[in-house]
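Can you join these two chains into the complex? Each is in its own frame, and there are hints to help.
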Amino acid sequence: MAVDESSIGSDRWRRPSPRLLVLRRLQVAAAALAALGAAGALAVVAGTAPGLACAGVAVVLGLVAERIVRRRFSAWRYAEREDDLLVQRGVLFSRLSVVPYGRMQFIDVTAGPLERSFRLATVRMHTAAAASDARIPGLDVEEAARLRDRLAELGEAQAAGL
Amino acid sequence: MSGTRSWQRMHPLSPIVRGGRATIAVAVLFVPTVLRGGDLSDSYVQLAIAAVLTALGFVSWLVTRWRIDGDDLQIETGVLRRQSLRFPLSQVQAVDIVRPGLARMFRVAELRLRMGGASGSTARLAYLPEREVEPLRDELLALARGDRRDEGAETTAAGAEERVLTTVPTGRLVASILISDVGLVAEAVIAGLVVTALLAPAAATGVVSGGAVWILSALTLVWRRFNQEYRLSVAEGSDGLHVRSGLVALTAETIRPGRVQAVRMVEPLLWRQLGWCRLEVDLAGRQRSKGEGQGERRALRAVLPVGSRALAGELLDRIVPDRPREQSRAPRRVRWKSPLRYRMIAWGRTETCVATTSGRLRRVTCWVPLQKVQSLRRVQGPAQRSLRLASVHVDTAGRNLHATLRDRDVAEADRALEQLTVLARDARRPLGSPG
Chain A
117 MAVDESSIGS DRWRRPSPRL LVLRRLQVAA AALAALGAAG ALAVVAGTAP
167 GLACAGVAVV LGLVAERIVR RRFSAWRYAE REDDLLVQRG VLFSRLSVVP
217 YGRMQFIDVT AGPLERSFRL ATVRMHTAAA ASDARIPGLD VEEAARLRDR
267 LAELGEAQAA GL
Chain B
248 MSGTRSWQRM HPLSPIVRGG RATIAVAVLF VPTVLRGGDL SDSYVQLAIA
298 AVLTALGFVS WLVTRWRIDG DDLQIETGVL RRQSLRFPLS QVQAVDIVRP
348 GLARMFRVAE LRLRMGGASG STARLAYLPE REVEPLRDEL LALARGDRRD
398 EGAETTAAGA EERVLTTVPT GRLVASILIS DVGLVAEAVI AGLVVTALLA
448 PAAATGVVSG GAVWILSALT LVWRRFNQEY RLSVAEGSDG LHVRSGLVAL
498 TAETIRPGRV QAVRMVEPLL WRQLGWCRLE VDLAGRQRSK GEGQGERRAL
548 RAVLPVGSRA LAGELLDRIV PDRPREQSRA PRRVRWKSPL RYRMIAWGRT
598 ETCVATTSGR LRRVTCWVPL QKVQSLRRVQ GPAQRSLRLA SVHVDTAGRN
648 LHATLRDRDV AEADRALEQL TVLARDARRP LGSPG
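Going down the list, the sequences are from chains A and B.
Numbering-wise (the numbering used here), the first sequence opens with residue 117 and increments by one.
Numbering-wise (the numbering used here), the second sequence opens with residue 248 and increments by one.
It is worth saying that the hints were derived from the structure and are not from the lab.
Model, not experiment: these values are computed from the prediction.
We treat Cβ as the ideally placed atom computed from N, Cα and C, and that holds for glycine.
One or more hints might be untrue.
What the hints assert, rightly or not - Quick list of the computed label-pair ranges, beta carbon to beta carbon:
no.: 1; chain 1: A; residue 1: 190; chain 2: B; residue 2: 587; range: 33 to 39 Å
no.: 2; chain 1: A; residue 1: 209; chain 2: B; residue 2: 458; range: 38 to 44 Å
no.: 3; chain 1: B; residue 1: 435; chain 2: A; residue 2: 207; range: 43 to 49 Å
no.: 4; chain 1: B; residue 1: 574; chain 2: A; residue 2: 195; range: 28 to 34 Å
With the rest of the complex left out, here is chain B (with noise of 0.2 Å):
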């Protein structure tokens, strides 16, 4: 085939980096030896442990390799059970560029292909050389467009121009997670342990190492949202949207056009006060499943940490252009069924695009374009059927978000499944077909 190229090997230095925590440990384990100007020949067993990682890393190196052939990404690996993977490059969801904090050291960086599909998964090269990521994510995004790789000039001309829509400043995403759940719960633990601590020191060690899983996982979590949203930018380019953030660990995604599954727009009670909000997208890929990175786990992808309404709606012209401007109430009667929900419960749908907004405290807007409807229900509960209501949910290729419109009138919900299944028919056609 004319796209074949020959094989290729990571950066020599990616097993120290996939150790990542390994690695710090094993540091961790020598140094204190070392710098006591001790003798390691002491540490047998430890020097044991390090030899054999570093043999298993390179052996691992030794046998992975990677090249494009014609439309695909291929990936050899393993020794004892060999994997041959072949990614089709037109079924690309997005592109990531991943550089966690030891690889940034090492000046490498982590290329990661999601895949759409009910058998898709993510293509993973970790890791590269830092130079050669961005050119080779030009020219993989090109491919996956159709474009013949004919001159490379034309593919990085394409990457380059691009008009930055939104920065998140630091100071608002303090500010935001200071206020949102997670850091209101990090706050009420730490306020404890301080006033636990002025009324009854003694106490307080007793508490402090007893809850030292929950603080460290309250913090933990305030600290991965800072790491990941901190500074993060949103720009257009000729091949989708791209969007950087990162204060350790960066990366840079590129979301592809018309691969949104669903927008939602998510508005805590205490971010209302003060109009900000929150805007996700969900792309197409596999259920969550088992020996993922955080990274992959992370299914939402936050496009606006916390921004203004006006802010979130011009991004929101440039995911979901045709979105419905206005969106119809819920009957007065779900009141008993749903007092909290009943004032954010509404919905409002175009002729390409579907809208509903829902939640208790929080609300939550979510926008499906009907192009990606994969299937229609409607759903009737005890309670529902003795006031007359019916939700209808529509579901996506997306990972876990689901619009739901949810307590209609039982003839409003009918005339919306109908209307839905026709339009969503309509939008799934290609112009011109018949029909």
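The shape of chain A in the complex, shown without the other chains (with noise of 0.2 Å):
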């Protein structure tokens, strides 16, 4: 039998699409300008010293925030394999995810309205394991309705019993 030697990878690594990024950015700004506006309140109300001191915290905690948010997004990655779907994801934690398509038993593909306003969905894969962690956000609608079907075509031929 022969097995590959070496590491797992492949070269035909696909990534989420890049409004996933401007989503998440702009879910930072959101929240940051929201602390930005309380920070004027509290100008207001208890003088500008304390009011400049959390605008100041505000703005330092959104850079951080955004730097976070475009590390995960650039941790995310998936590629179809001749057997298996790769799925690798996480900056603190990484994971690599490799499932096999004929252990799938159905496809999720799920937009929230924040993801359909950026025309995004994300796709999951689901096998008979509960602890089996195969999911891909932020795709192009036309990129997740594609996977879809072709994770179901491929999961169908390759199809296995328990």
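Okay, here's the thing in structure tokens:
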């Protein structure tokens, strides 16, 4: 039996749509703006110094959050190989899932209101194991539909019993 | 369809047995009145409650029926919300016969079919007359194997021939429970009570009434374990492994060959000194959910509650024949991350099976047939990254048994992930198919 000795990976990695990063940045910006608004109110009520301090904290936290969001976004990637789907994610805890098409039970495509307004969708592949973790967020709607159809097709072709 | 049979009802006494504790409570309610020679007509309320319960039980019995329809088991039940359940027999993972104490008194038994798949649930036929249960079990198993029901003689013969592999002696079971985690807690509680009672008799009553819940729950755990595993025996039949056990509530399970998702061997610290271990198997099934009885909640089935390593090895030979003999240890630097686990961590594999060992005080070894692997995950946390380590998780459809190649060198983890992916793919494919 031939076992490939090379380390796992693929040269055909794909990434979520850049619009996901825009969406995440907007979410961070909205939170930072809300904090700035609160700081402004504080400045009116309690004087300029505490207001400025709070505004500074809000800006710094917003910048840190932006950096985290960017790194998390760039950690997401997935690849369709011949027999399985690879999904990698996570910055602090990096996870690489290998989910064989033959083990797929069903596929979810979900899009919340925010995702929908950015024409994005999340694709999730379910297996019989609860611990399996194959979720790809922020895909173009067309890419999500293509992936869903392709996974369904491959899953049917390779389906295996429990 | 040729296999369709007429509808059948459960045993008429089943509502009483199903009531379980409620029935006992009702009996307790009336017995003192009757014994005192009192007139039952005094207690209208109790009588009314009992009458309503009886009527409800009768109706539920009346509307529940089942039949075998081709390859399916069909159950219909419910009055307001009518349910028609269909269980495809080809997906049966295991068949259990369960007889609680009350059921034994009335000579009835419950047949439980554990189904696989994401929507898998448990088909319960509660309760059937005792003498009909075993033939029905053999018949259902034969149908599950795909045999057409030609003659009844063949199926009964298949169920009859079996070879007993192990029986657990009661003395050893008691000793093992006494030095298990549950047992030690219960002993500590009792010892604490005795000491308090000796030193300050006045305080003891307060302690007992205050801690009654804890005392009861500790004793219940010990009792449940003893009751479930009393005289447990494992036999090998043509339709799988037969596991029988029980003191008050008897259970008889049949585990179909090739349906075991994972096996684990647990060796607690104190047991290890005696060379004892416990062997549990994990089957596919739905995640635990509300409303399930205790029987279903116990997801892992002990096939050997306590026994020597040699005995466990014999059983393992039946369940995972091609299992790795050697396991490779973790790199030395793992000591810094998991000082307690370091001595236990190991993994090994053959072409068809992967084994992992871990645990802090107790040693837990898992075997997963590669055919059963659902997905693989490589996870690396911050502490692992700084030590150039990574873990590989092996996910199965089992309920709560996860094999993990813990804390391996990054290069080794990557290699293992790739190798296991390929081996699992080949194991999944039926022989002779391309690729």
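Against the structure, the hints:
no. : hint                        : verdict
1   : A:190 <-> B:587: 33 to 39 Å : holds, 36 Å
2   : A:209 <-> B:458: 38 to 44 Å : holds, 41 Å
3   : B:435 <-> A:207: 43 to 49 Å : holds, 44 Å
4   : B:574 <-> A:195: 28 to 34 Å : holds, 31 Å
When each numbered hint is compared with the structure, no violation occurs for any of them.
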